[in-house]
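If you read the sequences in order, they're chains A and B. Each residue of the first sequence is one higher than the one before, counting from 8 in our numbering. Each residue of the second sequence is one higher than the one before, counting from 733 in our numbering.
Worth flagging that the hints you see were computed from the coordinates, not collected in a lab. In this text, all values refer to a predicted model and were calculated from it rather than measured experimentally. Possibly wrong hints are sitting among the right ones.
Non-contacting residues of chain A with respect to chain B, defined by C-beta distances greater than 10 Å in every case (computed) [claimed, not checked]:
id : residue
1  : Pro66
2  : Val126
3  : Ala139
4  : Asp148
5  : Ser187
6  : Ile228
7  : Ser238
8  : Trp253
9  : Leu261
Derived coverage of chain B by chain A (criterion: at least 3 residues anywhere in the stretch with Cβ under 8 Å from a Cβ of chain A; other residues may be distant) [what the hints assert, rightly or not]:
id : region
10 : 738-747
11 : 838-852
12 : 990-1003
Where is the CB? At the ideal position from N, CA and C, for every residue including glycine.
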Amino acid sequence: MDSSLETTLGSLTLKRPTVLASGILGISLDVFNRLHDAGAGAVVTKSLSKEPWEGYPNPTIFSVKGGGWINAVGLSNPGAENFAKMIEPNQDVPIVVSLVGSIEDDFEYMIKKFENCKVAAYELNLSCPHVAKVGLEVGDDVELVSKIIKKVKSITNSPIVAKVGLGKSDYLATVEAAVSAGVDAITAINTVRAMAIDVETQMPILSNKIGGLSGTPIKPIALRCVYEISSKFDIPIMGCGGISTWEDAVEFILAGSSAVQFGSVMGDNWVETFGEINSGIQKYMERKGYATIGEMIGKAKRQ
Amino acid sequence: MEKQRDNNHPHICVIEKIVDETPTVRTLYFKDSVLANVLPGQFAMIWIPGVNELPMSVMVSDVSDQAALTVRKRGESSTALYNLSVGQQIGVRGPYGNSFEIKNGKILLIGGGTGLVPLMRLIKFANPSNHITVLMGSQTKNEVFFEETAKKLLEKNSHEIIPVTEDGSYGKKGYVTDVLEKLLEENTYDGIYTCGPELMMYKTVQMANKKGIFVQASLERMMKCGIGICGSCCVNDDLACRDGTVFDGAHLSQKSEFGHSHRTKSGILEEI
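Just chain A, same shape as in the assembly:
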């Protein structure tokens, strides 16, 4: 059987279901091309803001013993305008532009900068756990989420994805607000607030003290969230959180994901990850008799 890795999320069609998560490697078009050649179905950019941000001083990343990373890079990015200019020559790579802002006008301002770019979708970062006034602080405010998505939907025809995470309020309320406002897909989840202290120096290791936990430790949590969202809402999902093998990717698809995002695994396994996960999924599909990804999505939800 010839199984196809193509997957659709509303009006967004990806040749392969493996997507580079936001924040990882996302500042150079040359790197995007390399990842695409390595098998990425799409790449999500670093979250872009209206103006360039330097981010936090190092240490910005911490390796958790036993697996996973805590990062507080601080959304460093070259700003929407500089970034748009850089990706303008792009024709081949499905680029999902991640945006971060505080109010609906921020998002409108940034989307206008991408008028001359080929953008596969916009992903609104409503869940960065370590920068004030943006990310989770926005995602926790369901009225603001609704306003932002309605505004963004009114100014672009590109698919809009909302990336949610575990903040102070119920993330399902954020999803509900996003779905009601007309969002095209949900990415779940972002990193989870965490920290690390060095016992010798008795100091928090990250310069921002608090960061976001990613990688294998959060996989079961992310999987649970995808399962809950797909059980409650009729919305395409990109599952994200600790995916590092094809089995993880299949688990997320069975829980209701149409595509999977990952990034932390690159710290261990580098760009070959895309090809390995794609071929693992394909072999699984062939073994189980699936012709399309669509046939597998949410299979674990059957009674």
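Go by the hints and put chain B onto chain A.
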């Protein structure tokens, strides 16, 4: 018994000895069996608690299981590292990155400033049969360092050490690349290895490529994670931390950013 060490996890080390190399450059020695044995070209992420974390080449020491860092005080973070005293702590993780491929025969090392650090380690890993020429660049006489270190490391090799100062106050006058150009008129080498200011490396690579001589450069870029996740250190489609820091000249000649541009903390590409 010591638990298995996770090299990605900051390992706390205590500064044991400090040596002033020049009025602005110091070498800090500390015990660490992992960093003591890194390959030439590999780097470590050095945590200065409460200040920052910097990518650094690891300097050699003649004491076994001792590693060192040679730092020039420049910005806030390098000055904080420079100002540490004996007994103070740093965190180290790594080593990261690839290393120089040392050819047999006649090799030439060309470096400037603290870019000499990985070249000193290269000498340590060289074969006793290597004939080694070292070009050491600096601005002025009192900023020349590692000449004695190089001599000591080169005891078993036939060698020549050529200090070059921009103002001519010591050794040859001019840029190291001027001296290299002259050397290449009459000599050939089995390998050229360079680390230091990017324009020096760029010229070196260009000259070597033109002559068809194997050349490698160790590149420096804005580095945050060190492990291939954050993307800050990209050079076109390569990441300095993961694909480098050592690149072949033939490879570099395909990279439009080498010798021309690098990224800022926010990721904006700017001219060097």
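Consistency of the hints with the structure:
Distance check on proline 66/A: its Cβ comes as close as 4 Å (rounded) to a Cβ of chain B, failing to clear the 10 Å threshold; non-interface status is violated. Even its closest Cβ contact with chain B, about 18 Å, leaves valine 126/A beyond 10 Å, as expected for a residue assigned away from the interface. For alanine 139/A, the condition that its CB be more than 10 Å from all CB atoms of chain B holds, with the nearest at approximately 18 Å. In this structure aspartate 148/A is separated from chain B by more than 10 Å, as the shortest Cβ-Cβ distance comes to about 27 Å.
With a minimum CB-CB distance of about 35 Å to chain B, serine 187/A clears the 10 Å threshold, and the non-interface call stands. Listed as a non-interface residue, isoleucine 228/A keeps its Cβ farther than 10 Å from every Cβ of chain B; the least gap is roughly 20 Å. Even its closest Cβ contact with chain B, about 32 Å, leaves serine 238/A beyond 10 Å, as expected for a residue assigned away from the interface. Residue placement check: tryptophan 253/A keeps its beta carbon more than 10 Å from all beta carbons of chain B (closest about 20 Å).
Taking the minimum C-beta to C-beta distance to chain B, about 27 Å, the non-interface status of leucine 261/A holds against the 10 Å cut. Given a C-beta distance limit of less than 8 Å, the hint that chain A covers the region 738-747 of chain B holds, as 5 residues qualify and 3 suffice. For the region 838-852 of chain B, the stated coverage by chain A is not satisfied: 0 residues place a CB nearer than 8 Å to a CB of that chain, which falls below the threshold of 3. Only residues whose beta carbon comes within less than 8 Å of a beta carbon in chain A count, and the region 990-1003 of chain B has 7; three or more means the coverage holds.
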